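Peer 1: Take a look at the letters that make up each chain.
2 protein chains.
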Amino acid sequence: MTGWVAIVGLGPGAENLITPEVTQALAEATDIVGYIPYVARIAPRDGLTLHASDNRVELDRSRHALELASLGARVVVVSSGDPGVFAMAAAVLEAVENGAADWRDLDIRVLPGITAMLATAARVGAPLGHDFCAINLSDNLKPWSLIEKRLRLAAEADFAMAFYNPRSKSRPEGFERALMILQEACGDARPVIFGRAISTPEEHISIVPLTDARPEMADMRTMVIVGSSQTRIIKRSGAPLVYTPRSVAP
Amino acid sequence: MTGWVAIVGLGPGAENLITPEVTQALAEATDIVGYIPYVARIAPRDGLTLHASDNRVELDRSRHALELASLGARVVVVSSGDPGVFAMAAAVLEAVENGAADWRDLDIRVLPGITAMLATAARVGAPLGHDFCAINLSDNLKPWSLIEKRLRLAAEADFAMAFYNPRSKSRPEGFERALMILQEACGDARPVIFGRAISTPEEHISIVPLTDARPEMADMRTMVIVGSSQTRIIKRSGAPLVYTPRSVAP
Chain A
1 MTGWVAIVGL GPGAENLITP EVTQALAEAT DIVGYIPYVA RIAPRDGLTL
51 HASDNRVELD RSRHALELAS LGARVVVVSS GDPGVFAMAA AVLEAVENGA
101 ADWRDLDIRV LPGITAMLAT AARVGAPLGH DFCAINLSDN LKPWSLIEKR
151 LRLAAEADFA MAFYNPRSKS RPEGFERALM ILQEACGDAR PVIFGRAIST
201 PEEHISIVPL TDARPEMADM RTMVIVGSSQ TRIIKRSGAP LVYTPRSVAP
Chain B
251 MTGWVAIVGL GPGAENLITP EVTQALAEAT DIVGYIPYVA RIAPRDGLTL
301 HASDNRVELD RSRHALELAS LGARVVVVSS GDPGVFAMAA AVLEAVENGA
351 ADWRDLDIRV LPGITAMLAT AARVGAPLGH DFCAINLSDN LKPWSLIEKR
401 LRLAAEADFA MAFYNPRSKS RPEGFERALM ILQEACGDAR PVIFGRAIST
451 PEEHISIVPL TDARPEMADM RTMVIVGSSQ TRIIKRSGAP LVYTPRSVAP
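Sequence order for the protein chains is A and B.
Each residue of the first sequence is one higher than the last, beginning at 1 in the working numbering.
Each residue of the second sequence is one higher than the last, beginning at 251 in the working numbering.
Some hints here could point you the wrong way.
Which stretches of chain B does chain A cover? Using the computed rule of at least three CB atoms under 8 angstroms from a CB of chain A, they are [to be verified]: (1) 259-266; (2) 370-381; (3) 391-404; (4) 454-461; (5) 492-499.
Please keep in mind that the hints were generated in silico from the structure rather than gathered at the bench.
As the structure is a prediction and not an experimental result, all values here were calculated from the model.
Glycine is no exception: its CB is placed at the ideal position from the N, C-alpha and C atoms.
Put together the whole structure using the sequences plus the hints.
Peer 2: The following block contains the structure:
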């Protein structure tokens with residue numbers, strides 16, 4: 001049996017947001033490797049071994065997946081959202097680069113998924129309809145000073161911004177500082193979207209002006225999207241629609 | 251019959267990258283509205299009317315979709331990739347905001363899809379595995395000076411960058427200028443990925459150092475991803491893997 005590794009995105013939560021390509025890989029797998037809550041989304045079946053591990057052990061998990069594949073297993077590494085956006089694909093490739101020489105010759109595929117910022121944006125309209133950036137607000141793996149620098153430059157560039165991991169348990173004050181920087185740098189009431197657990201039964205969305213955004217509106221299951229200076233809200237009888245126009249006047 | 255509008259993403263091209271949610275909406279539709287090559291991806295069937303229109307008529311197309319829905323049709327507006335990323339969702343919402351008052355009360359949904367940058371990134375590894383930005387390089391709807399400003403600020407922020415519409419027919423020199431700005435601002439040989447028609451039979455990928463990137467390597471079907479200063483290439487017997495590590499040293 002020839003082993004392989006597929007690093008796949010399960011999307012934000014709903015079954016109907018998983019691509020058929022990923023469903024097919026899951027059906028062919030002998031082993032599923034991933035963080036506990038993501039592995040819990042995979043239905044057990046005969047011939048499939050589930051390997052669930054805790055958070056913050058991404059490199060150990062990656063090496064485990066590569067080792068299994070080098071022994072002939074068909075391994076699916078599961079991420080939520082898209083595996084290439086603040087998820088497992090970079091971790092597995094880091095393990096490849098620094099690991100056993102024969103891991104480089106493994107069949108390694110990355111299968112894309114619906115990442116949280118796209119799912120959240122879609123729920124409220126099209127806040128990412130113009131140029132935007134995506135920033136991981138966790139400072140576990142990078143200095144906070146770099147996050148601050150990027151926030152200020154992104155505001156100056158007038159990007160809409162999508163924030164992953166806005167509030168870590170270990171450093172809850174980071175998001176508060178991020179909001180203060182944006183309130184100062186942007187100086188307006190542009191919309192901020194808090195999308196929690198999008199497409200799951202726990203889904204919750206709130207839209208507030210930047211001037212009213214508060215850190216406790218987000219937790220680790222929340223995607224935060226901050227509009228650009230051009231982002232607009234359409235009021236109507238139901239939930240409002242938020243979009244960033246395609247055009248910027250000269 | 252109660253009409254609705256669903257603005258959906260068909261993904262980059264392959265059938266197995268279309269979400270089941272989108273497939274379901276297509277199955278329920280009475281009318282499909284979109285740009286000619288995207289409507290051509292929809293299989294005709296009894297009870298389904300296909301309305302294909304040319305490029306650059308996004309607002310007319312949006313108003314047509316809203317008008318059909320207000321008359322009771324179940325309308326799917328098709329985009330490639332994700333409808334919220336440089337695609338039809340923002341155009342439809344602009345038409346809603348500036349259109350007939352009763353359009354605001356229509357059932358309007360945006361259904362996400364696999365956008366080109368995620369599909370291209372997945373094909374080569376994880377070049378968007380750390381903070382990144384997405385910029386539409388077409389200056390049809392915004393001044394070129396704003397694009398230049400964003401390129402310089404994105405380089406200063408050390409974002410990986412994904413470029414949509416790198417080379418328009420009407421302004422082919424824009425991408426050449428963009429590359430010159432990046433070569434000057436970044437001053438290194440970081441990888442640039444040209445992903446053309448990803449997941450289709452015409453798929454073509456090339457990876458070159460920024461110093462060797464040339465404008466003719468892209469056309470309108472190409473997604474261009476420029477790595478950050480941290481992006482790495484893993485050489486191996488097959489196609490190389492490209493990833494941006496999760497960590498930045500303090």
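Peer 1: Compare the structure with each hint and give your call.
Peer 2: Evaluation of the provided hints:
1. 259-266: It holds: at least three residues are needed, and the stretch 259-266 of chain B offers 4 whose Cβ sits within less than 8 angstroms of chain A.
2. 370-381: holds (count 10)
3. 391-404: holds (count 8)
4. 454-461: Three-residue rule not met by the stretch 454-461 of chain B, so violated; n is 0.
5. 492-499: holds (count 6)
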